[in-house]
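S.K.: Since the structure of chain A is already known, use the hints to place chain B on it.
Sequence order for the protein chains is A and B.
Per the working numbering, the first sequence starts with residue 10, numbered consecutively.
Per the working numbering, the second sequence starts with residue 10, numbered consecutively.
Given that identical chains are not distinguished, each listed pair holds provided it fits within a single copy or across any two copies.
20 Å max Cα-Cα, derived SDA-like pairs, lysine to any residue: (1) Lys110 / Asn163; (2) Lys109 / Glu161; (3) Lys110 / Glu161; (4) Lys110 / Asn162; (5) Lys129 / Ser146; (6) Lys113 / Ala98; (7) Lys110 / Ser160; (8) Lys139 / Arg202.
Rather than coming from a laboratory, the hints here were simulated on the basis of the structure.
2 protein chains.
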Amino acid sequence: MTELSLNFGTAFEKTRAEVDRVLLSAPLLIRTYTSHLTFTHGKFVRARAVLACAMDEKGSIHNDAVVFAAAIELLHLATLVHDDIMDDAAMRRGVETLQKKFGKRRAVICGDYLLSAALKELAQVEDTDKYKDLDASDYVQQICMGELRQSENNFNYNLSMFCYLGIINRKTAALFEASYFAGAVVCEQDEKRLRLYRRLGRYTGIIFQLTDDCIDYECDAKSAGKSVQSDYEQGVITLPVIHTFHNKPELKKRAEAGELPAKELLDQVKKSGGVDFTHQTAKRYYEKASEALEALRFPRQKAEILKELLDKSYCGPGKTGIFRSDDRLNI
Amino acid sequence: MTELSLNFGTAFEKTRAEVDRVLLSAPLLIRTYTSHLTFTHGKFVRARAVLACAMDEKGSIHNDAVVFAAAIELLHLATLVHDDIMDDAAMRRGVETLQKKFGKRRAVICGDYLLSAALKELAQVEDTDKYKDLDASDYVQQICMGELRQSENNFNYNLSMFCYLGIINRKTAALFEASYFAGAVVCEQDEKRLRLYRRLGRYTGIIFQLTDDCIDYECDAKSAGKSVQSDYEQGVITLPVIHTFHNKPELKKRAEAGELPAKELLDQVKKSGGVDFTHQTAKRYYEKASEALEALRFPRQKAEILKELLDKSYCGPGKTGIFRSDDRLNI
Chain A
10 MTELSLNFGT
20 AFEKTRAEVD
30 RVLLSAPLLI
40 RTYTSHLTFT
50 HGKFVRARAV
60 LACAMDEKGS
70 IHNDAVVFAA
80 AIELLHLATL
90 VHDDIMDDAA
100 MRRGVETLQK
110 KFGKRRAVIC
120 GDYLLSAALK
130 ELAQVEDTDK
140 YKDLDASDYV
150 QQICMGELRQ
160 SENNFNYNLS
170 MFCYLGIINR
180 KTAALFEASY
190 FAGAVVCEQD
200 EKRLRLYRRL
210 GRYTGIIFQL
220 TDDCIDYECD
230 AKSAGKSVQS
240 DYEQGVITLP
250 VIHTFHNKPE
260 LKKRAEAGEL
270 PAKELLDQVK
280 KSGGVDFTHQ
290 TAKRYYEKAS
300 EALEALRFPR
310 QKAEILKELL
320 DKSYCGPGKT
330 GIFRSDDRLN
340 I
Chain B
10 MTELSLNFGT
20 AFEKTRAEVD
30 RVLLSAPLLI
40 RTYTSHLTFT
50 HGKFVRARAV
60 LACAMDEKGS
70 IHNDAVVFAA
80 AIELLHLATL
90 VHDDIMDDAA
100 MRRGVETLQK
110 KFGKRRAVIC
120 GDYLLSAALK
130 ELAQVEDTDK
140 YKDLDASDYV
150 QQICMGELRQ
160 SENNFNYNLS
170 MFCYLGIINR
180 KTAALFEASY
190 FAGAVVCEQD
200 EKRLRLYRRL
210 GRYTGIIFQL
220 TDDCIDYECD
230 AKSAGKSVQS
240 DYEQGVITLP
250 VIHTFHNKPE
260 LKKRAEAGEL
270 PAKELLDQVK
280 KSGGVDFTHQ
290 TAKRYYEKAS
300 EALEALRFPR
310 QKAEILKELL
320 DKSYCGPGKT
330 GIFRSDDRLN
340 I
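Next comes chain A alone, as it looks inside the complex (with noise of 0.2 Å):
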């Protein structure tokens, strides 16, 4: 192994160090507000893609993988800043938005900030000819229009299970696309294979989201780390409402009036099985993804890892009941 050349473990926790550095090296100012960031970061799941991707046959990983891990996890730290504005949200990760803390205006800058601190954390990879197939401005330009479609599709009831998944394809699959990508980038040249990555990392992206939107509708605030029961009174229409909605067209019709309170609505999502039908759709991605794993027959320890990470982003119906966010791995 190489000076360059890191196991799964000593790779993560470079990655976990390099956010940090950066994070804490800011100017004043900005750390004010990004040092907020150090202490609730998640379990950096995208982070963890890039560097099982980026594994070789004997299990280890060069160290531009640990750039483009922290890179992304920088980024997706951007991503949340602005989300968190788009959304109006008070709470994040167990803490208080940046937004809500510290004002619209000073979160806008902030991640503009992180956004450029991840492009100049790109820029440290050995060999960027190696790299020019990543176009990271082409995975932020898919972000941007999955959260402007999810923001223009506020409150439309009548939005279609196949622009939702349009939406979640871009608002969040594309960055664990672009996780999985580089990871294999750094340790593979075949084209065939990195196609399987690809999708590998889009289908576990679509699966973390749906969870997600679960979530939503099955946990209280404490245990999900963040504020639940929030996506319909903001608006945001996410699968176990379509579903609901679909069945039931009288409720549609009263949440249109206005008329539908959160509280009902709640109970009828559980009930009409909108949860039950997120879960299986998500279960039909998780199979989908388990072919791309299967088909990529990688060494033991990869393909562990790769395994916990999907089966960890997918929680079915069975496990409703149990679902911690210590279990699972956070957005």
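M.R.: Positioned in the frame of chain A, the structure of chain B alone reads:
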């Protein structure tokens, strides 16, 4: 002149066309908002700077300069969209701002989209290795710092001239420096000369902002093409006011007590010489910039264009009365 070698006029038209192409080829949903910007773009002062700086001894410009010029204009647009959210601005370049017309949420995302479009554009340069010292993310971070520091000093009537110059140095002058630097790197390699280009850009940017701050106290909205006399009401403290408060502390006390109406301040700023002082400060930078320009000993056409940019950025006290947006390169 090779296919990739253009004269200034052609390069400028190509840059405009490229920015429009990016704005108009955005996905439909984004285009709804960005097309709004194509009809209102300014006079591309930063693009002009890139192209002029990129001219070789024969006056021809490599196509990479067009890429940089378009990227910097897109980046500038992105910062304007987010800046207008920060300032809650209603008008820009004579039309309603994106945040006023479509709401803050959409403006956040459109700004992000434009930022990533700028980075995507940058990736189009022919030889990335040649430009590795041009760190776009570093300039974005400087701009963020300037914006944030300005925001932190909102309604700070004790803001010093020193701090204020630090703010505009980052908020405005950084992107000017980037423009001059990018153009220079396209056609020059000499470190000493590159430093002079950067200095020229930095000073021109400061002059530009100081003149813009004067407009807020000198012009009506029609001739300025944007909201004026609004800085003070929004708590943005600029040099004309800093000077006035320094000379008339009793006014500062009344402002702090919330007892100084904007209209009265406007009169006082004019009477007490706050605007003149700002023009004089701009003049000091104008002299420094002129020195840098002379030291560079450019061929005639290149010198003329860069001199014109400098002259139009600067508008001395004598010209106060004839200040029209047509006379000046829009910010």
